Amino acid sequence: MAARTFTINDQLISAREGETILQAAREHGIFIPTLCYLDGVSPVGACRLCLVEIEGSRVLRPACVTPVVEEMVVRTNTERLREYRRMIIELLFAERNHICAVCVANGHCELQDLAIAVGMDHVRFDYAFPRCDVDISHPLFGIDHNRCVLCTRCVRVCDEVEGVHTWDVAGRGADARVITDMRQPWGESRTCTSCGKCVLACPTGAIFRRGATVGEMERDRNKIAYIVAAREQRW
Amino acid sequence: MNRQILIDPVTRIEGHAKISIHLDDNGEVQEARFHVTEFRGFERFCEGRPFWEMPGITARICGICPVSHLLASAKAGDALLAVTIPPAAEKLRRLMNLGQIVQSHALSFFHLSAPDLLLGFDSDPAQRNVFGLMAADPTLARAGIRLRQFGQDIIAMLGGSKIHPAWAVPGGVRSAPTAAQRAEIAQRLPEARATVLDALRRFKALLDTHHDEVATFGNFPSLFLGLVGPHGEWEHYDGRLRVVDSGGAIVVDQVEPSRYRDIIAEAVEPWSYLKMPYYRARGYPAGMYRVGPLARLNICTRIGTLLADAELGEMRQRAGGIATSSFYYHYARLVEILAALERISLLLDDPDLDSPRLRAEAGVNQFEGIGVSEAPRGTLFHHYTVDAHGLIQSVNLIIATGHNNLAMNRTIAQIARHYVKGDRISEGALNRVEAGIRAYDPCLSCSTHAAGTMPLVVTLVAADGTVLDEVRR
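So the sequence lines, in the order shown, correspond to chains B and X. Counting from 1, one number per residue, gives the positions in the first sequence under this note's numbering. Counting from 1, one number per residue, gives the positions in the second sequence under this note's numbering.
Same shape as in the complex, but just chain X:
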């Protein structure tokens, strides 16, 4: 008899979701699905608004990565104005995005995933959270929280608030930080760097003991997509699209982000509000690709800063080239924090930041604008069309978590096959299925431009549709 296991809601992720695991007559896992159950409708209600307001409106999609939407939206606005923004504005936007990468990755690693990694996947679920981590290792927990605060403070320094700063605007940015503010941030860099190096050391030690997780947490060939610089270097704000396969071969390179539709198509499944993008040339679902920290490190030729490049080299050595296990997302996140800290250090000393020219003025010169940047979770597209006066006619948002949708489904199926046996769900197995999702640090509020508290439910369903077991957090 076929059966289904439901995990509803999924915990320690950002947004609402559930997982269903379908078993065949022999109790073997047949299929697993990650259902995103939020719906929000940003693409619809932005229609008719002046495009200048879009960064402020779309930043409200998310409280964790508002900066990503702010920047992608402002860049789409730049395209509508058909301007090149002042150099200081671009550098300041980059600085904010780096602050965002630090805070968001720190949240994912220390607050959401470290309880699994450091306390153990099979540890007491009552303690397996950030509070349990504080009790077990207060120094580490405090350092992680301070690291996130550091990233948030960079955002606040630039935008005036940590969450939803309305600072990047079509044509540039609204204000620049003072030299004193920059110096205050700079003197906190050493502590932040020490925190991430310590976390890297601990994570590498875990890799040596977690062979099963590395082998089963989304370990399969797929494409990887992201932005790279002109020479293939690591990029987070601008650049062009590159797709690399799991053998390391470049499938397509230096694609103008405005041509994203040439390489990306989207499929829809009736059981999820989250669309399923795929690489157009390979079809659905074979065109599955991954984005985000792991993808960015897999596609780039180098990062461009000393410490991060050394860590990237070691990561590639450990993975044997391209890292195909999504367990490595955590690793990639830590390397990216290090890269971001090194770049922040360089940017804070950049004399261009003292320029008073921060905002290009122009009218509506293009009726279609596409803005793309690398959000912490992956490549983010904002695509607007406007009328002759600048009122929004249509909006399409492709969000990082959406790109990873096919891969997340494949990941939970792989984990379920390995860990779920019989008709009951063990606590450790349940947690591993969830952790497989957590590795991607999905943000479901963003990805469905959708609403909610975020819990996880796993349901075990029979072939005839009867729910045999359900675990709810």
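Extracted from the complex, chain B is given alone in its bound form:
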């Protein structure tokens, strides 16, 4: 496999052909924020937090799905990117009802961590305060749409790793919701195997263990990558 040489933030980087900018950056300890990206499932480039600047390109590119190219010049931390990232996080907070203080994921939440990382001290947009349902009809798990950021990690892990595709997305725009089966209550889903991979994959407190109280939703998201690696015998 051919090597590709390029720079990220003026640092000379060597990566394998076909690797993405995000993979190459992580291998070299360069931080690029992500939210919808999850090791072990295919990237979708949906959240736009990993946007980077590439010299010669008029548009910003999502690092998670952009392959490295010989001699490309990548910038990951410009003023423009920082402003966009903060704006993306603020919009996510404004879109649904995220109340960290009483959330089951408080202290263990990727959205909360990102808000801190991008320096979000307040939200400049009006909150939408949508009415969202909570579904705890499943005997083990629950989904609170107030806390969902539509990253679709649950959809992908269910489809690609568990091979079930219980989860999907219904509706468009502000009305979009992750759903189980054909929008039945989760507890009535005939396909769900109760494997819990969606619980592991969820970056926020949206999908949780029933009975969890404030701050109790700690999870090891690396397990998804272990499962995939073990199955592909790439240890």
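Calculated from the structure, these hints are not laboratory results. In this text, all values refer to a predicted model and were calculated from it rather than measured experimentally. There could be a bad hint or two in this list.
Example chain X residues on the side facing chain B (calculated, C-beta under 7 Å, incomplete) [claimed, not checked]: (1) Cys-46; (2) Gly-56; (3) Leu-118; (4) Ala-166; (5) Val-169; (6) Ala-360; (7) Ala-362; (8) Gln-366.
Calculated from the model, a selection of chain X residues having no Cβ within reach of chain B, i.e. all distances over 10 Å [claimed, not checked]: (9) Pro-55; (10) His-111; (11) Thr-209; (12) Glu-361; (13) Gly-363; (14) Val-467.
For each residue, glycine too, the CB sits at the ideal point set by N, CA and C.
Take the given structure of chain B and dock chain X to it, following the hints.
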């Protein structure tokens, strides 16, 4: 011409309120009203949440007594799970509630009311605050602040934070303190005890010189309500309801808290966001009752610890039996701090606390759950209904300050009649009206599940509605 005096906002209380004093044609006080002007809506926005989250959410009602809501909510959750929680969990919850009683009563006495009591009701209002107290008696002020810190540290030891610990959960508690942490708390007990005994000594001396205040600060017959143990002993976390009248007769006893609606009804007045609960059998407003430290000491047969029982005996002797003056709330608060310290001392040595079993696991087994505990300010009810999966369908919260609403109104009317003369409000009179409210240590954020900084305004209003005088802090 009828006139009205407005005190808006009321100062050195927890929350926002105003007082209006209505005068008749002769300038005599006709009526006084305590208006709670906050509105918050917890009962509404909790609907639809999983009940496991309720202790964490309802603790946010208040930054001073989050533990009270945490415990009442967790107990309502226990009822929904239909479990008896492990013994260690119950003892740890009790320990946290005792820490809460110490810190909250210390705040009320030393930070909020001591400036009136020790500097004088007529002293310079610029100095009549906790900073003035620090200047006048730094040793006492420091001891009071450290006493509150002691209570807060117990809460932090158990829950991980002083304010809003999400520690008590339906079915039990999340963690237990180590033996080393308990020992660290235990070695601070003697200092705390010395502080409260000194405060008791000073307060008793005040009783001998403040006959007017004792006679007029809410001194009237009323019922008293609270939790007691199976033999009528002082209770703060569990137990059953008892109502006692001002003659000391037990009106009703050992009522299961889940049947609170059989004995308590609530009225609403258009001029306040705070509901007016009353004893159902006596009707509104004759069924006025008081809760909180004074009520707990009036209804119990004994406290159950040595020093506190001795102090209770002396208090009853001074009051001539049941204490009917709300000025005695301060006294009762100090006796309760002492009782709490003695019980903390016993609990810290309890071997049950080493048990690893802290949390009962269960699903939704009941669709209705009622949790009750004694908050520092009085009996607190959390009443939830849930659907088959455990989503909250309805929430009713009855808060200590709410129980005292009728009595607080009566208290300020009594004080105003005694101290307010003519169409101007003297500074000392204004302060006494406020202090009458302070005696109850009301928490208005809690009681309306309501928001705000907390000041007091008194307005003097004429019969035709014209505001004649207004004093604002």
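Verification of the supplied hints:
1. Cys-46: 10 Å, violated
2. Gly-56: 4 Å, holds
3. Leu-118: 37 Å, violated
4. Ala-166: 3 Å, holds
5. Val-169: 5 Å, holds
6. Ala-360: Since chain B brings no Cβ nearer than about 11 Å to Ala-360/X, farther than 7 Å, the hint is violated.
7. Ala-362: 9 Å, violated
8. Gln-366: 15 Å, violated
9. Pro-55: It is violated; Pro-55/X is separated from chain B by about 7 Å at its closest Cβ, not greater than 10 Å.
10. His-111: For His-111/X, whose nearest Cβ neighbour in chain B is about 25 Å away, the distance exceeds 10 Å, so it holds.
11. Thr-209: Thr-209/X clear of chain B: closest Cβ-Cβ about 47 Å, beyond 10 Å.
12. Glu-361: With a cut-off of 10 Å, Glu-361/X comes too close to chain B, as the shortest Cβ separation is near 8 Å.
13. Gly-363: Non-interface label on Gly-363/X violated, nearest chain B Cβ at 8 Å vs cutoff 10 Å.
14. Val-467: 37 Å, holds
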